[in-house]
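Throw the hints in and build the complete structure from the sequences for me.
In the order they appear, the protein sequences are chains A and B.
Be aware that the first sequence starts at 1, since it is given in my numbering, and climbs by one per residue.
Be aware that the second sequence starts at 1001, since it is given in my numbering, and climbs by one per residue.
By construction, these hints were calculated from the structure, which means they are not laboratory data.
All C-beta atoms in this analysis are idealised placements derived from N, C-alpha and C, irrespective of residue type, glycine included.
Heads up, a few of these hints could be off.
Stated by the list, open to error - Using 30 angstroms as the maximum straight-line C-alpha spacing, the simulated DSS-like pairs for lysine-lysine come out as follows:
hint: 1; chain 1: B; residue 1: K1062; chain 2: B; residue 2: K1042
hint: 2; chain 1: B; residue 1: K1116; chain 2: A; residue 2: K81
hint: 3; chain 1: B; residue 1: K1010; chain 2: B; residue 2: K1042
hint: 4; chain 1: B; residue 1: K1041; chain 2: B; residue 2: K1135
hint: 5; chain 1: A; residue 1: K116; chain 2: B; residue 2: K1010
hint: 6; chain 1: A; residue 1: K2; chain 2: A; residue 2: K62
hint: 7; chain 1: B; residue 1: K1081; chain 2: B; residue 2: K1042
hint: 8; chain 1: B; residue 1: K1041; chain 2: B; residue 2: K1010
hint: 9; chain 1: B; residue 1: K1135; chain 2: A; residue 2: K116
hint: 10; chain 1: A; residue 1: K41; chain 2: A; residue 2: K135
hint: 11; chain 1: A; residue 1: K10; chain 2: A; residue 2: K42
hint: 12; chain 1: B; residue 1: K1119; chain 2: B; residue 2: K1010
hint: 13; chain 1: A; residue 1: K62; chain 2: A; residue 2: K42
hint: 14; chain 1: A; residue 1: K42; chain 2: A; residue 2: K81
hint: 15; chain 1: A; residue 1: K119; chain 2: B; residue 2: K1081
hint: 16; chain 1: A; residue 1: K81; chain 2: A; residue 2: K116
hint: 17; chain 1: B; residue 1: K1135; chain 2: A; residue 2: K119
hint: 18; chain 1: B; residue 1: K1041; chain 2: B; residue 2: K1116
hint: 19; chain 1: B; residue 1: K1042; chain 2: B; residue 2: K1116
hint: 20; chain 1: B; residue 1: K1002; chain 2: B; residue 2: K1042
hint: 21; chain 1: A; residue 1: K116; chain 2: B; residue 2: K1002
hint: 22; chain 1: B; residue 1: K1119; chain 2: A; residue 2: K81
hint: 23; chain 1: A; residue 1: K41; chain 2: A; residue 2: K62
hint: 24; chain 1: B; residue 1: K1002; chain 2: A; residue 2: K119
hint: 25; chain 1: A; residue 1: K2; chain 2: A; residue 2: K41
hint: 26; chain 1: B; residue 1: K1002; chain 2: B; residue 2: K1041
hint: 27; chain 1: B; residue 1: K1062; chain 2: B; residue 2: K1081
hint: 28; chain 1: A; residue 1: K42; chain 2: A; residue 2: K2
hint: 29; chain 1: B; residue 1: K1041; chain 2: B; residue 2: K1062
hint: 30; chain 1: B; residue 1: K1041; chain 2: A; residue 2: K116
hint: 31; chain 1: B; residue 1: K1062; chain 2: B; residue 2: K1119
hint: 32; chain 1: B; residue 1: K1002; chain 2: A; residue 2: K135
hint: 33; chain 1: B; residue 1: K1119; chain 2: A; residue 2: K135
To be verified - Taking beta-carbon pairs under 8 angstroms as the criterion, some of the chain B residues facing chain A (in silico):
hint: 34; residue: M1001
hint: 35; residue: E1004
hint: 36; residue: A1021
hint: 37; residue: G1044
hint: 38; residue: A1045
hint: 39; residue: F1047
hint: 40; residue: D1048
2 protein chains.
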Amino acid sequence: MKTEIIEILKRSQLSATESRAAILALFQEAGTALTHADIEKKTGALFDRVTIYRTLQTFVEKGIIHTIPTADNAILYALCKDNCSEGNHHDNHIHFICDNCSTTYCLDHINIPEIKLPKGFFISGTDILVNGICKNCNDN
Amino acid sequence: MKTEIIEILKRSQLSATESRAAILALFQEAGTALTHADIEKKTGALFDRVTIYRTLQTFVEKGIIHTIPTADNAILYALCKDNCSEGNHHDNHIHFICDNCSTTYCLDHINIPEIKLPKGFFISGTDILVNGICKNCNDN
DNA sequence: AATAGTTTGCAACTAAGTTGCAAATAATTT
DNA sequence: AAATTATTTGCAACTTAGTTGCAAACTATT
Chain A
1 MKTEIIEILK
11 RSQLSATESR
21 AAILALFQEA
31 GTALTHADIE
41 KKTGALFDRV
51 TIYRTLQTFV
61 EKGIIHTIPT
71 ADNAILYALC
81 KDNCSEGNHH
91 DNHIHFICDN
101 CSTTYCLDHI
111 NIPEIKLPKG
121 FFISGTDILV
131 NGICKNCNDN
Chain B
1001 MKTEIIEILK
1011 RSQLSATESR
1021 AAILALFQEA
1031 GTALTHADIE
1041 KKTGALFDRV
1051 TIYRTLQTFV
1061 EKGIIHTIPT
1071 ADNAILYALC
1081 KDNCSEGNHH
1091 DNHIHFICDN
1101 CSTTYCLDHI
1111 NIPEIKLPKG
1121 FFISGTDILV
1131 NGICKNCNDN
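This is the structure in structure tokens:
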């Protein structure tokens, strides 16, 4: 277990267990968003289905990862950047989903444009989903 | 069965059946987005679960309704406006989901802002999800 | 090293969604 | 308007996704 990963878990007041470390490492290596199924595949039979569900849930609660809404209704999870904290998710992200390879990127550094709503509506958060062809698929 | 509803179905080359007409009417009355569960509740035991699934699927294919991605992973369906046609959905919508009452509105007439992506990424469509408090909840 | 607190895996369950097929309904033809 | 054809529906059975309770295993604390 990498000390860096243990640090992250401790910082969120979570005990450093095999499964948590492994799943967190997966996210760091991938760099993109993952589904529950992705993680189940990549970890093989190492951990129980239920453990993966619970780990993802805990990570979301602690602000380590966040969920991404998708059109095809598969829940995607991705690492939060430092500005994400407990109870404060989903806001102001731009997510890019490749039509070709389905890889999902968090584009945290892109400015989100201002959206004007009709009278009577007040905004608390915005999620922007962009579809298209990703850098990787374009280069090949 | 209203003739207007029959018209809509015929226009999409669908035979006008009880279930289709009833479900389409539901959407028109609601004016907001509905989930499969909403429809199952509102129609009672009138139609089989499977029929509702298939009807929604058909409506999406024919461009009568479109799906809305949500953070909590419940598939929402809403009536398409006239500019929506078969095979051409999801693009350039703004959807507003109320934090309080969970009602979902399609804000079709709001301009979607331009989004600039990093080099190598090309956009084919955009889905914007806005959370907040809706007009209705604010007035009360 | 022993104890207290947390997490995991298992089993069993609920909920969501899909598929094949015979019966019922809608559209078409005569 | 009756008969034929094509489409749609409901049922049953199934797969997949997600949840819950609880004893055993593991982490953290003393």
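Here is what the structure says about each hint:
no. : hint                : verdict
1   : B:K1062 <-> B:K1042 : holds (23 angstroms)
2   : B:K1116 <-> A:K81   : holds (20 angstroms)
3   : B:K1010 <-> B:K1042 : holds (24 angstroms)
4   : B:K1041 <-> B:K1135 : holds (25 angstroms)
5   : A:K116 <-> B:K1010  : violated (37 angstroms)
6   : A:K2 <-> A:K62      : holds (20 angstroms)
7   : B:K1081 <-> B:K1042 : holds (23 angstroms)
8   : B:K1041 <-> B:K1010 : holds (27 angstroms)
9   : B:K1135 <-> A:K116  : holds (14 angstroms)
10  : A:K41 <-> A:K135    : holds (25 angstroms)
11  : A:K10 <-> A:K42     : holds (24 angstroms)
12  : B:K1119 <-> B:K1010 : violated (45 angstroms)
13  : A:K62 <-> A:K42     : holds (23 angstroms)
14  : A:K42 <-> A:K81     : holds (23 angstroms)
15  : A:K119 <-> B:K1081  : holds (21 angstroms)
16  : A:K81 <-> A:K116    : holds (26 angstroms)
17  : B:K1135 <-> A:K119  : holds (7 angstroms)
18  : B:K1041 <-> B:K1116 : violated (42 angstroms)
19  : B:K1042 <-> B:K1116 : violated (42 angstroms)
20  : B:K1002 <-> B:K1042 : holds (19 angstroms)
21  : A:K116 <-> B:K1002  : violated (37 angstroms)
22  : B:K1119 <-> A:K81   : holds (21 angstroms)
23  : A:K41 <-> A:K62     : holds (24 angstroms)
24  : B:K1002 <-> A:K119  : violated (33 angstroms)
25  : A:K2 <-> A:K41      : holds (22 angstroms)
26  : B:K1002 <-> B:K1041 : holds (22 angstroms)
27  : B:K1062 <-> B:K1081 : holds (13 angstroms)
28  : A:K42 <-> A:K2      : holds (19 angstroms)
29  : B:K1041 <-> B:K1062 : holds (24 angstroms)
30  : B:K1041 <-> A:K116  : violated (34 angstroms)
31  : B:K1062 <-> B:K1119 : violated (35 angstroms)
32  : B:K1002 <-> A:K135  : violated (50 angstroms)
33  : B:K1119 <-> A:K135  : holds (7 angstroms)
34  : M1001               : violated (31 angstroms)
35  : E1004               : violated (27 angstroms)
36  : A1021               : violated (26 angstroms)
37  : G1044               : violated (25 angstroms)
38  : A1045               : violated (26 angstroms)
39  : F1047               : violated (22 angstroms)
40  : D1048               : violated (21 angstroms)
Checked against the numbered hints listed earlier, the structure breaks hints 5, 12, 18, 19, 21, 24, 30, 31, 32, 34, 35, 36, 37, 38, 39, 40; every other hint is satisfied.
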